[in-house]
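Next come the chains, spelled out residue by residue.
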Amino acid sequence: MKKITGAKVVIETLIQENVEVIFGYPGGAVLPIYDEIFKQKKIRHILVRHEQAAVHAAEGYARSTGKVGVVLVTSGPGATNTVTGLTDAMMDSIPIVCISGQVPTHMIGNDAFQEADIVGITRPCTKHNYLVKDVTKLAGVIHSAFNICINGRPGPVLVDIPKDIQTFKTVYKGKKAYKDNRYYKPKVKPDDEKINEIVKLMTESSKPIFYVGGGVINSGTKASKELFRLIKKTSFPCTQTLMGLGAFPTSDNQFIGMLGMHGTYEANHSMHKSDLLLCVGARFDDRITGKVSGFSPESKKVHMDIDPSSFNKSVNVDLTVQGDLYRILSAINKRIEEKKIIFSKNKIKQWWIQINKWRSRNCLRYKNSKEIIKPQFALERLNKLTEKLNPFITTEVGQHQMWAAQFLSFNKPKHWMTSGGLGTMGYGLPAAMGVQIAHPKELVIDVAGEASILMNIQEMSTIKQYKLPVKIFILNNHYMGMVKQWQELLHGNRLSESYMESLPDFVKLAESFGARGIQVLKPNDLDEAINEMISIKGPVICDVVVDPNENCFPMIPSGSTHDQMLLGPNDKVEGEISEEGMVLV
Amino acid sequence: MVDNEPGVLARVVGLFSGRGYNIESLSVSEVDSDRFLSRVTIVTSGTKIIVDQIKAQLKKLIPVHDLLDITELDSFIGKELILIKLNVKSITRKSFEDVIHKTKTNILFDKGNEVIIQFSGSPSEIRSLLKKLKPFKIIEQTRSGLVSMALGTKYIKK
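Chains Z and G, in that order, give the protein sequences.
586 is the number that this note's numbering gives the last residue of the first sequence; the numbers go up by one with no jumps.
631 is the number that this note's numbering gives the last residue of the second sequence; the numbers go up by one with no jumps.
Hints are not guaranteed to be accurate.
What the hints assert, rightly or not - Mimicking DSSO-like on lysine-lysine, the simulated pairs with C-alpha atoms at most 30 Å apart in a straight line are:
1) Lys532/G to Lys314/Z
2) Lys188/Z to Lys567/G
3) Lys138/Z to Lys631/G
4) Lys528/G to Lys292/Z
5) Lys177/Z to Lys567/G
6) Lys528/G to Lys188/Z
7) Lys188/Z to Lys532/G
8) Lys180/Z to Lys562/G
9) Lys314/Z to Lys567/G
10) Lys521/G to Lys195/Z
11) Lys567/G to Lys195/Z
12) Lys627/G to Lys314/Z
13) Lys567/G to Lys190/Z
14) Lys533/G to Lys195/Z
15) Lys176/Z to Lys631/G
16) Lys552/G to Lys567/G
Unchecked claim - Here are some chain Z residues pointing at chain G (derived, C-beta under 8 Å):
17) Ile149
18) Lys186
19) Trp353
Said to hold, decoys possible - To give an idea of the chain G side of the interface with chain Z (calculated C-beta under 7 Å), a few residues:
20) Gly493
21) Gly519
22) Gln526
23) Gln530
24) Ile535
Please keep in mind that the hints were generated in silico from the structure rather than gathered at the bench.
Think of the CB as a built atom: it goes at the ideal place given N, C-alpha and C, for glycine as much as any other residue.
Please construct the entire structure, taking both the sequences and the accompanying hints into account.
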């Protein structure tokens, strides 16, 4: 067999893994791989302007397609710049393969130019990582990386390849020859008797609730379909986490809103009073539970997940079911059909009456204004005017992110990309690029804040280069809104460093990158601006100047439980926030 | 049971430090040179929830083949090895040799007043030996981590 260089092996393995796009930035230690990229036509390379953005773009690509996102960066700073992105992908369980160049093997450990121990640095923020020191092992490692990153609970895998390994020659035998993942076989098939137990609990419950997380989305569109069937069949209410939005259509009447810190009154109260909590691919995160000791005190808890380390991590549950969610949900549906179980609406009638009472509090209401644009109103209008186009939405992190989660509709999975676990400001713009690359004809909107957008604003240049028609919808309140909100609530309104001074003129900024800039100041001009934004074929920055005094409600203050929500600015925390609550993030 | 590859110990140790768990003792060595497998024995402590979480996290590490919580079994053997260097004056020689004899401790080196002894046993046996040696001048000591093995049919899988 013909011998090829390590660099060529990289390209061949990527082609075998059906990679169509890689996001990257060249540098000294990956030049041989970039040379191979130059010589081929099967894989498209997207040149980002910062390596962090390469990972976020790959995340957007992966989340909107279900495929693996691939990143290519050089050694040293190129690799260290990916750390935030990799951590983000780790926290949100996104399948990423990140290939980094490294100084030649004989120089490793010598503090060589652009050397960083990236395998050491990324050990805790990747699902797995490799340093390849033998060119004959390179192909096997890359194929393993793809296998590991997408099977089980997905996550990022980094492959560090020294420059000499890229130039050494070896034989590439094709993907099948490298099946050496003998022990990476996560359990995907749920235990039969556990399915029976779930079905039994479901038939017995009079106050059930589905608590759905991003795991359903990771399990694929098939899992969402099974979930939909199950929820429809049972008439149970369903709440979703920030990561889960879209797994079940949010316009459906059985959806009672997102839960957690900025979740709806009805979702949180239902969690609190439920007698059967069916957790499907969520992980009882602190944003969800509030004070753990007071979390859903009366419920039996069932946890379905592919990752057993999520079981009993923060909340003790009564029944754990390990497996792929599609398999679990379809097994439940099948069992219900086999046993010809009919869920009586009567049994949960009182429950729905109670939920609808909570719902009637209309917790997302806000006082609109004719003078100044309320951020909630801006998102309501954005939703109304774009809903039919079924847009892909990405966000940055902060108030705008929570409002987007509350006010936009998500009726299909894989259309909502937000940094949930890590809370990475600067995520939305590069993620939107990745989504747009995967779906060139679709409407992709980055709902942003004026602070977050500046964290990866250099990507406007990438957007220009590839003519990506990304729409950036900035809710500009001149503050790091969520920081300000917490300072108001917890730190005596001392707004330490949270005012965004010296903001750019976003219209001119857009124009300087060949994009269109629109600024909106008055509520009456909003619809026109949004319609214009959608109608423009290229990229747009829509700078919506909103009320700086608006805060994100409802809210569970730190250290409180689901039934202790603040519904609006006039709601005060009862007594002082506990010391325990003050130290929480 | 882990793959004996570079960085595997860092993964295990980093998991403990990164998540705030405590390692009380650690012992690692290759046990299968054909398949490049090492066996790691870690002594840690915590509530059941914490220990279950540690186990679940360790099992998630790719190079970890199998994990056995030996304290969950009915019976197991746990041994440590200790080397002790002492300065034994001739006046105390007799009583020192008495201790050595009764505890079945090996003398590895004995020249002038300097003696190096080796003992292996359970942590409590080692504590008891050290107590008996208190009257003598211990210059230095070094101890391995615990190594352990289950009794009966349970064993760790490769």
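Quick rundown of the hints versus the structure:
1. Lys532/G to Lys314/Z: 15 Å, holds
2. Lys188/Z to Lys567/G: Measuring from Cα to Cα gives roughly 63 Å; hence the hint is violated.
3. Lys138/Z to Lys631/G: 22 Å, holds
4. Lys528/G to Lys292/Z: Status holds; Cα separation ~25 Å.
5. Lys177/Z to Lys567/G: 71 Å, violated
6. Lys528/G to Lys188/Z: 16 Å, holds
7. Lys188/Z to Lys532/G: 12 Å, holds
8. Lys180/Z to Lys562/G: 64 Å, violated
9. Lys314/Z to Lys567/G: 57 Å, violated
10. Lys521/G to Lys195/Z: 23 Å, holds
11. Lys567/G to Lys195/Z: With Cα atoms ~67 Å apart, Lys567/G and Lys195/Z exceed 30 Å; violated.
12. Lys627/G to Lys314/Z: 27 Å, holds
13. Lys567/G to Lys190/Z: Status violated; Cα separation ~68 Å.
14. Lys533/G to Lys195/Z: Cα-Cα ~22 Å, so holds.
15. Lys176/Z to Lys631/G: With a Cα-Cα distance of about 26 Å, the restraint between Lys176/Z and Lys631/G holds, given a limit of 30 Å.
16. Lys552/G to Lys567/G: Within the cut-off at roughly 28 Å; holds.
17. Ile149: 6 Å, holds
18. Lys186: 11 Å, violated
19. Trp353: 35 Å, violated
20. Gly493: Constraint on Gly493/G not satisfied, violated at 12 Å.
21. Gly519: 13 Å, violated
22. Gln526: 6 Å, holds
23. Gln530: 5 Å, holds
24. Ile535: 4 Å, holds
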